[in-house]
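J.: Listed here are the chains, written in short residue letters.
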Amino acid sequence: MSEFKKTIIRLAIGLLVLIAALSLPLSAYFKLAIFLAAYLISGGDVLLRAVKNISHGQIFDENFLMCIATIGAFFVGEYPEAVAVMLFYQTGELFQDYAVNRSRKSITELMDIRPDYANVKRNNELITVDPEEVAIDEIIVVKAGEKIPLDGKVIEGYSMVDTSALTGESVPRELSVGDDALSGCININGLLTIKVSKEFGESTVAKILDLVENASSKKAKAENFITKFARYYTPIVVIAAALLAVIPPLVLRDAAFQDWIYRALLFLVVSCPCALVISIPLGFFGGIGGASKSGILIKGSNYLEALAEAEIIVFDKTGTLTKGTFKVSEIHPVDISESELLEMTAYAESYSNHPISLSLKKAYASDIDNTRITDVEEIPGHGVKAVVDSKTVFAGNIKLMKSIGIDCRNNDAAGTIVHVAIGGKYAGCVIISDEIKEDAAAAVNKLKAEGINKTVMLTGDSKAVGFKVSSQLGLDEVYAELLPSDKVSEVEKLLAQKSGKGKLVFVGDGINDAPVLSRSDIGIAMGGLGSDAAIEAADVVIMNDELTKIATSISISKKTLRIVKQNIIFALGIKGIVLAMSAFGLANMWEAVFSDVGVSVIAILNSARALNVKKL
Amino acid sequence: MKKVFKLKNLGCANCASKMEREINKLNGVKNATINFITQKLTFDSEEQNLDETTEAIKKIVKKIEPNCSLQVT
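Chains as they are written, first to last, in full-length UniProt numbering: chain A, 1 to 616; chain B, 1 to 73.
Calculated from the structure, these hints are not laboratory results.
A virtual CB, placed ideally from N, CA and C, is assigned to each residue, including glycine.
The reader is advised that the hints may include incorrect statements.
Residues of chain B clear of chain A, computed beta-carbon distances all greater than 12 Å [said to hold, decoys possible]: (1) G11; (2) L26; (3) N35; (4) T38; (5) E46; (6) Q48; (7) L50; (8) E52; (9) T53; (10) E55; (11) L70.
In silico EDC-like links for lysine to aspartate or glutamate, alpha-carbon gap of 16 Å or less [unchecked claim]: (12) A:K385 x A:D367; (13) A:K293 x A:D210; (14) A:K219 x B:E20; (15) B:K2 x B:D44; (16) A:K323 x A:E213; (17) B:K3 x A:D439; (18) B:K3 x A:D210; (19) A:K218 x B:E20; (20) B:K40 x A:E3; (21) B:K8 x A:D179; (22) A:K228 x B:E46; (23) B:K6 x A:E213; (24) B:K8 x A:E174; (25) A:K228 x B:D44; (26) A:K323 x A:D179; (27) B:K2 x A:E343; (28) A:K218 x B:D44; (29) B:K6 x A:D210; (30) A:K385 x A:E438; (31) B:K40 x A:E343; (32) A:K198 x A:D179; (33) B:K2 x A:E3; (34) A:K143 x A:D97.
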């Protein structure tokens, strides 16, 4: 039988004995004996714990206070109430344990991304071992429906994998030979053979679990407040109780000792700060757990709390707001057709693997016929020279054009300009620019809706490129042509502009912006999945590339703080009211016990809501 | 060195924060935190007196919450 059931049965017996004592026609002494029996049945364990704790020098704990209160009730002659209050308290505790266990369970389930085993190939046999026992370069096999236990490279097989446990993204990813497989993903259909590249302790899944579990050690201000509050609250209420029991009967003329002792006992019952001490950290932990479920890793309760106060958001451009990949955006031919210009440029650049050449080939979209090209010559820092269809083609920057004596001008296009000369004659230019991420504009709008005052973009690119991107996205400010070190000083200037309470958030890809990430109040790294650098450097990591999740993380933060505030106000409010009522003799022990355990249960259930981030 | 211990039957959040305070007072322990929800104690420890430290932590845990026990993992 479980501990839980045993307690229920014990309390039920206690209740029956209490009813018997109330209803049986017995002499007063006999009744008292039965009341005492009922009290010991229902509260014996509390008494025992109180005695043990006192012997350890722990006074003022919950058990001790309850014992004093109920034994006190016996002494002032309130036998039935003493027993009933103990029963009520025990029932409340039971509910509280139940609520805590339920929250613990749902949080552990939420974070149940730890793989239990790995199928490793050793001596041509497939054996099942703990993922921690697998070494680098060993070969593991992941069957359909299994979790990928360790990070590695796929060496055989093809499959779709579900990354939702890590990214919150429901669209499965494709994995085939040569791809990096990340631990924690679930293999949906195929059979994958993977060569392990990291030990379990260093793997993606272990790192994520570690981060989430340790997030609670970086405490939020609200948590620190409650811890401090709890340390002073109990002694103060207990001292107040002692004064209440002694002073009024001595000072007031017709005050009865019994009456004031009863009031003091009520104070003792209300003096436990448990509701707050449990529910506040639980709320933060729930928020962090819920966020990690949707692919947002928050590395501390303090960051979760600070996100709600975000005022300025600073974005890095390349790789954050834009994809960091290039695409032909404009074609300006001179005396030939657009398609001809693109074709000649793509052919001339076809031997290069530079991102610019790749984007030209992609825009051309047809296969390159290598027999049409001869004499390819790369001119470093300038461009390329090639003979295409027996015509000499130069493609490159303005310096290249000048060096072959062709006059042309850079227009102020936002992007990289490739000038082209065919057969010694200027043929126009192709403009290649970085693509803005599809959800960037939506993300900026959502952030404004969340109350962000100012959105800023920092970029090392030209002013033309910077202004174009920022006007497309509706950003408030742009700082362009910055060196990496300039970015830190720009952020410092912006930090000086914000209001006292507001927070500055920097969003980058986490790869080469570590100094800025650490200088800002909250550093967010995008696309953290698979990038250890990003996970290390940032305070908040968005596992996939969705910019809209920045707004999501802010709303999770706001929701969590709302719950935390509700609990603080509710718990302190009820306790305050009951204390006031007790002092004036308007409360009884039922209300006092409710304000202790009842409030705890309600606050815990309220905190558990923080876990649910689906409905935002 | 970072150590993680599991606290079995940790039932009282106020006790958890009391334990946390006491454990942080020990010599050779830094940054001790107790996560009430995952029932885990995490701290930085000096390698050489780990056994002593563990014993001291066990005592603190027993003293504050008699039902709770430390599991060395």
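J.: Determine for every hint whether it applies to the structure shown.
T.: Do the hints match the structure? See the list:
no. : hint            : verdict
1   : G11             : violated, 6 Å
2   : L26             : holds, 17 Å
3   : N35             : violated, 5 Å
4   : T38             : violated, 6 Å
5   : E46             : holds, 19 Å
6   : Q48             : holds, 23 Å
7   : L50             : holds, 19 Å
8   : E52             : holds, 20 Å
9   : T53             : holds, 18 Å
10  : E55             : holds, 16 Å
11  : L70             : holds, 16 Å
12  : A:K385 x A:D367 : violated, 20 Å
13  : A:K293 x A:D210 : holds, 15 Å
14  : A:K219 x B:E20  : holds, 13 Å
15  : B:K2 x B:D44    : holds, 4 Å
16  : A:K323 x A:E213 : violated, 32 Å
17  : B:K3 x A:D439   : violated, 42 Å
18  : B:K3 x A:D210   : holds, 12 Å
19  : A:K218 x B:E20  : holds, 14 Å
20  : B:K40 x A:E3    : violated, 22 Å
21  : B:K8 x A:D179   : violated, 42 Å
22  : A:K228 x B:E46  : violated, 28 Å
23  : B:K6 x A:E213   : holds, 13 Å
24  : B:K8 x A:E174   : violated, 42 Å
25  : A:K228 x B:D44  : violated, 23 Å
26  : A:K323 x A:D179 : violated, 20 Å
27  : B:K2 x A:E343   : violated, 61 Å
28  : A:K218 x B:D44  : holds, 15 Å
29  : B:K6 x A:D210   : holds, 15 Å
30  : A:K385 x A:E438 : violated, 35 Å
31  : B:K40 x A:E343  : violated, 64 Å
32  : A:K198 x A:D179 : holds, 15 Å
33  : B:K2 x A:E3     : violated, 34 Å
34  : A:K143 x A:D97  : violated, 39 Å
Of the numbered hints given earlier, the model fails hints 1, 3, 4, 12, 16, 17, 20, 21, 22, 24, 25, 26, 27, 30, 31, 33, 34; all others are met.
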